[in-house]
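Visitor: Residue-level listing of the chains:
Protein chains: 2
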Amino acid sequence: MNSVSIAGVGLMGGSFALALRKAGFRGRITGVSSPAAIEAALARGVIDEALPLDEAAAGADWIYLARPIGGILASLDALDPHVKPGALITDAGSTKRAIVDRAAAAIHRARFVGGHPLAGKESSGVEHADANLFRGRPYVLTSRDAELEPWIERIGARLVFLSPEEHDRLVAVTSHLPQLISTALASVIGTEPDAAQVAGPAALDLTRLAASPYEIWSDIFSTNAEPIDTALAAFIAKLEELRAALHSPTMEQAFDQAAAAAKALRR
Amino acid sequence: MNSVSIAGVGLMGGSFALALRKAGFRGRITGVSSPAAIEAALARGVIDEALPLDEAAAGADWIYLARPIGGILASLDALDPHVKPGALITDAGSTKRAIVDRAAAAIHRARFVGGHPLAGKESSGVEHADANLFRGRPYVLTSRDAELEPWIERIGARLVFLSPEEHDRLVAVTSHLPQLISTALASVIGTEPDAAQVAGPAALDLTRLAASPYEIWSDIFSTNAEPIDTALAAFIAKLEELRAALHSPTMEQAFDQAAAAAKALRR
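As you go down the protein sequences, you meet chains X and D in turn.
Here this note's numbering runs 121 ahead of the position in the first sequence, where the first position is 1.
Here this note's numbering runs 121 ahead of the position in the second sequence, where the first position is 1.
No lab work stands behind these hints: they were computed from the structure.
No experiment lies behind these values; they were computed from the predicted model shown.
Do not take every clue at face value.
Copies of the same chain look alike in the list, so a pair counts if it works inside one copy or between any two.
Computed cross-link-like contacts, SDA-like style, restricted to lysine to any residue with a CA-CA straight-line distance of at most 25 Å [what the hints assert, rightly or not]:
1. Lys242 <-> Leu386
2. Lys242 <-> Glu373
3. Lys205 <-> Asp169
4. Lys384 <-> Tyr335
5. Lys384 <-> Glu336
6. Lys242 <-> Glu270
7. Lys384 <-> Glu170
8. Lys384 <-> Asp326
9. Lys384 <-> Glu287
10. Lys384 <-> Thr312
11. Lys384 <-> Leu280
12. Lys384 <-> Ser244
13. Lys143 <-> Arg265
14. Lys205 <-> Trp272
15. Lys384 <-> Ala317
16. Lys242 <-> Tyr335
17. Lys242 <-> Asp315
18. Lys242 <-> Pro322
19. Lys384 <-> Arg147
20. Lys384 <-> Ile337
21. Lys384 <-> Pro314
22. Lys205 <-> Ala366
The following block holds chain X by itself, in its conformation from the complex:
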């Protein structure tokens, strides 16, 4: 491929552009984004040129959708008439089923591969874009693609292939559930005005995610509600089980089992 268009030049899209360059990509990189993001991206040399989506799509061999999920869905609705026949469209959205379904319905003249780089930073925006953001991190693809895969490896990410449904079920448990837990715990602690007097690392670690901006979560909840509901139900059932076991020797087995799971997660 000779030209890539990045729609949404923020932390993720900007980092993908920088990572491609670092990995040896010599073609043209165009950006589709807000005026402020475009200005910062041009100033940092992250993109070569800014264009509206239809013009960017018309000249691109690859289209990388790094907008919020709602923006990705809207882009998919708009892109098909404008793409080069046979171009590759991929995305970096945090949920996959809704996006892959939409692409199947809306994209006919190009091929679509769903993607989710499990990488990030506390700070957002192209100002914090980083060519090494994906290094050593998992990068989920929802289907195989002989052109895309080598580049994902070249930017240092670890390829993981999952169906959209599998992906969404796993991130519901490993990412969306932790967010809701942190939000709920911060709320409960907030009902005790003196809690800060005795709060230690446990309370601080578990409420850190509660500061996450709602904007990104709104789209995640609306596109992954069912797996999240299932994960919440399983978690609440487990908590009720521990609650009933506060006075019981089965608590020790529950601790041992959880400790083994926590260890396995770190392997």
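Once you've looked at the hints, dock chain D against the given chain X.
Guide: Okay, now just chain D, sitting in the frame of chain X:
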């Protein structure tokens, strides 16, 4: 005071001895502990002498109970006939009501002040004892004491006065609830064998506590079951509220409220 006896010379008791020394205490420090802990404590110069509890108590102006909660309760049952009249007994247990109640029933010849230094380390044992462990950390006392308070300040801790009931209610929410959450989340994630492929910082941060040894938690659960049950009930109710709000605009308010609470906890 001229002599202190530390019952339980582990991370906490050993650190208290080292912190007293650093703060200028020149008297005798005796230790009551397991043979292995005593050997390590003598080798590091943490204590001057090892004695059985009754002999240590007989010669001590202060008795510092730094055993696990069950050991503190057993010590309180045994100490009264042996203490110097008017001596101070204090403790470092993670729950307070059961301990303060037991002291009120069992200690008549000395005075008792419940204590909980909110300090710790990942590694336990007197080998990791540290004169600066309490520096900048809250140190809860359940009653005022003109002799004890200045030393708590001299070792660099921040004095917090709470009734045993208030203390136990607050730590149920800020410490015991986070532990059970982490244990439950690790268990739920453990049901997904592929979770490690996509687990990011959120899953790792929230399951770290799940590796905690059950021994220390067993005593905490049995001496603080009611506040923990109340905290679990409030947390589960909040999660059910978020679950019902997955499709509702009230979720944004819940996020904003939790973010504000998380921020307040860090002030």
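Visitor: If a hint holds in the structure, say so; if it does not, say that too.
Guide: Tested hints:
1. Lys242 <-> Leu386: both (21 Å within a copy, 22 Å between copies)
2. Lys242 <-> Glu373: between (37 Å within a copy, 22 Å between copies)
3. Lys205 <-> Asp169: within (20 Å within a copy, 82 Å between copies)
4. Lys384 <-> Tyr335: between (31 Å within a copy, 15 Å between copies)
5. Lys384 <-> Glu336: between (33 Å within a copy, 18 Å between copies)
6. Lys242 <-> Glu270: For Lys242 and Glu270, the Cα distance is within 25 Å only inside one copy (24 Å; across copies 43 Å).
7. Lys384 <-> Glu170: neither (47 Å within a copy, 40 Å between copies)
8. Lys384 <-> Asp326: Cα proximity of Lys384 and Asp326: in one copy and across copies (18 Å, 12 Å).
9. Lys384 <-> Glu287: For Lys384 and Glu287, only the intra-copy Cα distance (22 Å) is at most 25 Å; the inter-copy one is 35 Å.
10. Lys384 <-> Thr312: between (33 Å within a copy, 13 Å between copies)
11. Lys384 <-> Leu280: within (22 Å within a copy, 37 Å between copies)
12. Lys384 <-> Ser244: Only across copies: Lys384 and Ser244 sit 17 Å apart there, 29 Å inside one copy, limit 25 Å.
13. Lys143 <-> Arg265: within (23 Å within a copy, 63 Å between copies)
14. Lys205 <-> Trp272: So Lys205 and Trp272 pass the 25 Å test inside one copy only (20 Å; across, 76 Å).
15. Lys384 <-> Ala317: So Lys384 and Ala317 pass the 25 Å test across copies only (10 Å; inside, 30 Å).
16. Lys242 <-> Tyr335: Within one copy only: 16 Å inside a chain, 34 Å across chains, cut-off 25 Å.
17. Lys242 <-> Asp315: between (31 Å within a copy, 24 Å between copies)
18. Lys242 <-> Pro322: both (21 Å within a copy, 10 Å between copies)
19. Lys384 <-> Arg147: Neither: 42 Å inside a chain and 45 Å across chains, both beyond 25 Å.
20. Lys384 <-> Ile337: For Lys384 and Ile337, only the inter-copy Cα distance (19 Å) is at most 25 Å; the intra-copy one is 30 Å.
21. Lys384 <-> Pro314: The answer is between: 12 Å across copies meets 25 Å, while 35 Å in one copy does not.
22. Lys205 <-> Ala366: neither (61 Å within a copy, 42 Å between copies)
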